[in-house]
Amino acid sequence: MGKKNSFIRPILYLLPAIIIIAVFRFLPILYVMRVSLYKWGIGGAERLVGFGNYLRALSDSYFWQSLTNTIWYVIFVVPLCIFFSLLIALLLNSKIRALGFYRTTFFLPVVTSIVAISMIWKWVYHPKIGLANYILTLLRIPPQGWLSEWRGIFEIMTGRDLPSLLAGPSLALLSIVIMMIWKSIGYNMVIFLAGLQNIPRHYYEAAQVDGAGRFAVFKNITWPLLSSTTFYVLIMTTIISFQVFAPVWLMTGPPAGGPLGTTNVLVYYLYDTAFNYSSYGYASALSMILFLIILTLTIVQRRMVESRVYYE
Amino acid sequence: MSKKLIIYIILTVGTILSLLPFYWMIATSLKTPIEAVQFPPTWYPTHPRPENYTEAWRTAPFGRYFLNTVFIALTTLVGVIITSALAAYAFARMKFKGREVLFTVFLGMMMVPMPVYIVPGYLILASFKWVDTYYALIIPWMVNVFSIFLLRQHFRLIPKALYDAATVDGCSELGFLWKIAMPLSKPAIATISIFSLLASWNSFIWPLVMTNRDTIRPVQVGLAYFIQEQSTNYTLLSAASTFVILPVVILFFFFQRQIIESHMKSGIKE
Chain S
0 MGKKNSFIRP ILYLLPAIII IAVFRFLPIL YVMRVSLYKW GIGGAERLVG FGNYLRALSD
60 SYFWQSLTNT IWYVIFVVPL CIFFSLLIAL LLNSKIRALG FYRTTFFLPV VTSIVAISMI
120 WKWVYHPKIG LANYILTLLR IPPQGWLSEW RGIFEIMTGR DLPSLLAGPS LALLSIVIMM
180 IWKSIGYNMV IFLAGLQNIP RHYYEAAQVD GAGRFAVFKN ITWPLLSSTT FYVLIMTTII
240 SFQVFAPVWL MTGPPAGGPL GTTNVLVYYL YDTAFNYSSY GYASALSMIL FLIILTLTIV
300 QRRMVESRVY YE
Chain B
0 MSKKLIIYII LTVGTILSLL PFYWMIATSL KTPIEAVQFP PTWYPTHPRP ENYTEAWRTA
60 PFGRYFLNTV FIALTTLVGV IITSALAAYA FARMKFKGRE VLFTVFLGMM MVPMPVYIVP
120 GYLILASFKW VDTYYALIIP WMVNVFSIFL LRQHFRLIPK ALYDAATVDG CSELGFLWKI
180 AMPLSKPAIA TISIFSLLAS WNSFIWPLVM TNRDTIRPVQ VGLAYFIQEQ STNYTLLSAA
240 STFVILPVVI LFFFFQRQII ESHMKSGIKE
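Chains S and B supply the protein sequences, listed in that same order.
Residues in the first sequence are numbered from 0 upward in steps of one, following numbering that gives the first Met the number 0.
Residues in the second sequence are numbered from 0 upward in steps of one, following numbering that gives the first Met the number 0.
All clues stand as given, with none of them false.
Which chain S residues stay away from chain B? Per the calculated CB distances, all over 12 Å, these:
| id | residue |
| --- | --- |
| 1 | Val48 |
| 2 | Leu54 |
| 3 | Leu57 |
| 4 | Ser60 |
| 5 | Tyr61 |
| 6 | Gln143 |
| 7 | Thr157 |
| 8 | Gly158 |
| 9 | Leu165 |
| 10 | Leu224 |
Listed below are several chain S residues computed to face chain B (Cβ distance under 10 Å; list not exhaustive):
| id | residue |
| --- | --- |
| 11 | Pro9 |
| 12 | Ala16 |
| 13 | Tyr101 |
| 14 | Ile238 |
| 15 | Ala245 |
Honestly, the hints are just simulated from the structure, not real lab data.
Quick reminder that beta carbons are idealized off the backbone N, C-alpha and C, glycines included.
Starting from the given sequences, assemble the full structure and let the hints guide the process.
Structure, rendered in structure tokens:
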């Protein structure tokens, strides 16, 4: 390779990627920061408001509601999803027949589109003639309003009025939670399966020699040696869950985000602000807030990964 | 032995729960409108009505939606492979100033969550007059940092001796990349293609924001508006949803090992 080529050639190879990343990844981030400092409507920038849009978020009850809903969503989806996907991965890892069949069925919802899946589940959740309520009546449980139920789930369970935070997420939001757990179990399951297969066999052989019980083996070998996988799944599921949008657009309302705003999540709120109200400045500030939340989670993850002790 | 039995019971219940919504969609798609809204519902269509499929197909321009998606998915894939191959090759096998910094910047872009892009992306593409064009749906996604990362890992494993031998035989740098490095990285390219095609086929929020016209809409957005318009017509909605997910489900059954293993690897890579 000639000397004058030593810089030009790599740049030529990188140019297509650099141009697209600069224009469609880097520029938008600078742009969203700039727009977030303006009152910005259909016609473009109207006036500079500094941190006005961020202050507006602090006193905007819809924003707080959407943030609370998002956090409820994350609190329910993440641990339940980890529990079920780890459980299934452990069962599949115990030398059973037809492993491929089970793995394929659990993975099927992962590859199917959220649009079609939201439609099916909305139909299953139909408050009058849905399959979910039919199954409940077969089990002699009173039918529920599902996506049209705004009352908090703890309110429904205790049967009394509770202050808003104690009432918990609405059953409508929980309906979305259930569907999204169903959709993502397969993905986390294969990540856990990969993690389980990386645990050296001799640990289990040693435990067998010592006559350790199933639970002891899980507690002392599987769980600690799986910790890096579990941590990865935990952070990734949290990050992805903060971005929930499509099921709200597809399943709730009209107006979407309902009933009574109880399924209005952060990304839906910023979408609504931008594309139904043309408040691009405020929507940009909301985008930045989402970005900062997720960036914080990502940095926490990187820190933890760097300081992790490997057992091998 | 009884422990094994419990495992099989739990797994079978799980399988039923996994498949039940799909079964319900197909069952509904074959019912008559009257049977579909009966309560208690029937478990299978008593008078199968396959006409629901042709009716759904005709009610909205699904043929056009499918063509749009296929076109978008394939052009995006070609773009991703070309840009990733070139960039990964430069990162893996060329020495230049600022290489590590640039690579870190690229990787850093992966930390930005997709919804953050919709507002500024829309404003920027609107200023390009690209809203409602294929450009808006293809060009921003023709680079994928994860793909660059994956190919770079593969290219690094190619022995230097192979490169030296090829250049002695008069092979150019680009020739080496296309004729030797790429064929040696087939597993990585398969993974990249799977992720790219799945992402294009299923992408929703970006094309939702960037399209207003029916003629440009990919199939997911078309289906979403169809669902909104036909809100209670559950037999048609189920039929449409069935044929929209069918291509992916068929591909999934043919390539399930590759698809599942690609997802497995993507988790370990981090």
